[in-house]
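Listed in order, the protein sequences are those of chains A and B.
Residues 1 to 274 in our numbering are what the first sequence spells out, letter by letter.
Residues 1 to 248 in our numbering are what the second sequence spells out, letter by letter.
Misleading hints may appear alongside valid ones.
Within a straight-line C-alpha distance of at most 27 Å, the following computed DSS-like cross-link-like pairs (lysine-lysine) qualify [claimed, not checked]:
#1 B:212 <-> B:184
#2 B:223 <-> B:235
#3 B:233 <-> B:102
#4 B:223 <-> A:40
#5 A:13 <-> B:33
#6 B:40 <-> A:40
#7 A:40 <-> B:33
These aren't lab readings, by the way, just hints derived from the structure by calculation.
Spelled out, the chains give:
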Amino acid sequence: MMNTKRVISTIEKNYILNNLRKEERIDGRGLWEYRDWTIKPDVISSAEGSADVTLGDTKIITGLKYDVGAPFPDLPEEGVCTFMAELLPLASPIFERGPPSEQSIELARVVDRGIRHADCVQTKKLCIKANKAVYILFVDLYVINYSGNLIDAGGISSLTTLISSHIPEGKWVDDQIEWTGKYLTGETIVNELPIVTTYGKINDIIFLDPNLPEELVSDGKISISVTEDKITSIQKSGLATFSLEEIDMLTKKSMEIGKKLRKELNLWQYKVKY
Amino acid sequence: MPLIIKDEYPEKLFREDGKRLDGREKHELRPIKMEVGVLKNADGSAYLEWGNNKIFAAVYGPRDVHPHYLAKPDKGILRVFYRMATFSVFERKRPAPGRREKEISMVLTDCLEPLLFLELYPGNSFEVFINVMNADGGTRCACATVAALALADAGVPMRSLVTAVAVGKIDGELVTDLSGIEDKAGEADLPCAITWFNEEFDGKMDLEEFEKCLTLAKNALTKIHEIQLNVLKNKYIAIQEEYSGGKN
């Protein structure tokens with residue numbers, strides 16, 4: 001496979017495109033196949049839940065920390081779950097140091113939207129006392145190696161983190177929190193498993209899970225999050241345009257691939273016992 | 001796993017049988033695991049697990065200096081960036097780099113710069129990015145160790161590797177390789193880096209103890225240096241085997 005780090009030549013672009021026309025990928029996959037997944041849950045001892053997920057050469061480590069704070073005034077009985085992503089400069093020569101880039105904000109927000117609108121995190125269970133104290137969860141994604149399709153890897157990594165989570169359980173006694181000695185685990189917090197699938201588009205060819213060279217030459221991407229039976233979010237990025245028929249086809253495809261992936265990865269096996 | 005709600009310090013740092021809280025002898029190191037070439041995009045990279053510390057380091061360079069005004073016409077520059085993940089510590093760290101991280105970055109730069117032949121790379125820069133994913137005491141020492149390994153993996157000409165370890169004083173006794181809790185609750189902590197010396201110190205110790213510490217550090221460092229060398233050697237042995245295997 002090509003050893004691409006930053007730019008890609010016209011000849012390589014044509015090579016990728018010509019292969020795609022024959023429904024072949026430069027790494028030998030079919031158009032609708034993922035690269036290999038490896039998932040390691042609960043790898044960080046200082047976090048209340050974590051995951052080390054690789055998709056091909058893309059590697060993301062995600063960790064969960066919690067805080068107890070006041071709820072939003074309009075949702076007094078619901079906890080908060082926020083997502084942050086950092087594209088570490090060690091992950092790729094394209095990433096720079098400094099404040100969060102557009103790409104990292106997009107990653108966090110697309111992952112957040114897919115999960116938030118899917119009835120995934122049970123925010124009502126994260127309430128200790130209405131109007132007074134709720135859990136605030138911070139799910140932080142760190143990209144360790146960038147080799148295309150951060151969004152799908154980020155989605156699975158966030159889900160695994162939430163499933164493997166173990167947060168000390170608190171009770172409201174005499175106007176303050178008392179720790180019960182038990183844990184809120186992923187089983188209590190997580191309900192639905194939304195799967196986000198990203199497609200690349202070059203000219204009029206659409207394919208699943210773009211790797212780095214494909215992502216560098218593609219006109220654009222579309223990410224679709226689905227639960228078992230519903231679409232929860234769609235994000236199109238880049239300059240590509242998608243016709244109505246294509247969107248229709250891709251949403252059906254996402255349902256299908258989501259179902260398959262949910263079964264293959266079997267994320268519930270990563271829950272921890274406390 | 002014990003439920004820890006508050007970051008409490010234990011009263012004693014030695015168990016009744018004379019061993020430390022994590023079951024180590026006074027001068028026993030925590031388990032150390034090193035790997036090189038773990039990140040595909042970087043010119044050189046290394047991963048280190050030292051007890052509960054989990055650290056990635058990547059080297060990019062020699063490459064153009066950015067911003068350009070930092071470039072020096074007569075020699076290359078080395079920049080080290082030490083960062084901790086938000087979830088690497090007990091209380092969530094703010095995502096933006098703090099003063100502590102900037103200072104450690106500087107200390108590490110000073111520690112690694114003498115190792116390189118920067119005069120061979122005028123107008124260029126080497127950048128070392130170190131990310132601590134899980135921290136449990138002695139991260140700056142672990143970072144110096146892993147950064148040297150990543151530089152060597154990148155094929156940057158070096159005078160030697162650098163190896164670092166912390167020695168210190170807990171409950172009145174000198175010990176090697178302090179863990180997170182020992183660092184916070186103990187009396188003194190002396191991170192030492194060997195080959196080109198550069199040290200920091202905090203706590204209270206008399207001169208005699210200080211000298212003893214340096215000897216202790218040297219003993220521990222010899223062991224860690226051995227691991228470093230083996231990891232690098234194994235990398236090239238693997239390449240050699242692959243090459244000769246392909247020929248036959």
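Exercise for the section: Tell me, in ascending order, the numbers of any earlier hints that this structure violates. Expected result: 3, 4 and 5
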